[in-house]
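A.B. asks: Sequence:
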Amino acid sequence: MPAPHDQLCGSSVLDERLDKRVDDMLATGLLDELRDFHRRYNQKKVAENSQDYQHGIFQSIGFKEFHEYLITEGKCTPETSNQLLKKGIEALKQVTKRYARKQNRWVKNRFLSRPGPGVPPVYGLEVSDISKWEESVLEPALEIVQSFIQGRKPAATPVKILCNETENKRSYHMCDLCDRIIIGDREWTAHMKSKSHLHQLKKRRKLDSDAFTTVESQSISPDCDKELKEKGSPRQNDEELKSSG
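For what it's worth, the UniProt record's numbering labels the leading residue of the sequence shown as 1, then goes sequentially.
Incorrect hints may appear among the rest.
With beta-carbon atoms standing in for the labels, derived distance ranges [what the hints assert, rightly or not]: (1) E135 - R17: 15 to 25 angstroms; (2) V127 - K206: 51 to 61 angstroms; (3) E139 - E79: 50 to 60 angstroms; (4) R186 - N82: 49 to 59 angstroms; (5) V122 - Q83: 41 to 51 angstroms; (6) L198 - E90: 53 to 63 angstroms; (7) R21 - I71: 20 to 30 angstroms; (8) R17 - G118: 28 to 38 angstroms.
Quick caveat, the hints were computed from the structure, so don't treat them as lab data.
Owing to the predicted nature of the structure, the values given are computational and were not obtained by experimental measurement.
Where is the CB? At the ideal position from N, CA and C, for every residue including glycine.
Turn these sequences into a full structure, and let the hints steer you where they fit.
C.D. replies: In structure tokens form, the structure reads like this:
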């Protein structure tokens, strides 16, 4: 069953819009921009065999997808050039869809999979039918923002936080420092960062340090202790030197 937020816009509807977005970009001069960039910058890099699509501006969607088309334009048959153009357009549409899904996963992982006081509520709006944009998207969004500004609860219900039971299996953890049993992986992680646990940890480290100092002082041999007394402390020796002067 798909997650609640996935139902706000069907995948087929989203893909159709993304394809149309690429078509609109092409219609408004995307290829001319790519050709201009290729002439002013990339053509020199290609001649030097140093083009690199792993860094910088080449990571932007659009450049690398049309690379074959741009470097062969005017150097091959119109049929081949047209095939490379179609290949670039299809590649651009595919990478745009992948990027949209990546954004969706980011939102889900960042806001819907981490329950806690620091995670703000996320509201889903039905955006499948563009003809109902004002009543389905604009008006509900304005109402949510207005509610936040006025400090009241909005009429809309937030998207349900996803609960992954595998991440919080009911496992038992024993904290010897605090003499407590913690149930649940998430609760155990929270306990390890809690003030009470860190306080106990600080106390334990101090006790261990004091015990080590005591043992170290007791380990000095009688002969060594006698030698230290005969030599005196550095401060004592300094004072004796001053008085003798």
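A.B. asks: Look at each hint and say if it fits the structure.
C.D. replies: Each hint tested on the structure:
The given range of 15 to 25 angstroms is respected by E135 and R17, whose C-beta atoms sit roughly 19 angstroms from each other. A C-beta distance of roughly 58 angstroms is found between V127 and K206, which places it inside the suggested range of 51 to 61 angstroms. Separation of E139 from E79 is about 51 angstroms and conforms to the stated range, judged on CB atoms against 50 to 60 angstroms. Between R186 and N82, the C-beta spacing of about 56 angstroms keeps the proposed range 49 to 59 angstroms intact.
Distance hint check for V122 and Q83: the Cβ-Cβ separation is about 44 angstroms, which falls inside the suggested range of 41 to 51 angstroms. Hint check: L198 to E90, Cβ distance near 55 angstroms, so the stated range 53 to 63 angstroms holds. Separation of R21 from I71 is about 26 angstroms and conforms to the stated range, judged on CB atoms against 20 to 30 angstroms. Hint check: R17 to G118, Cβ distance near 32 angstroms, so the stated range 28 to 38 angstroms holds.
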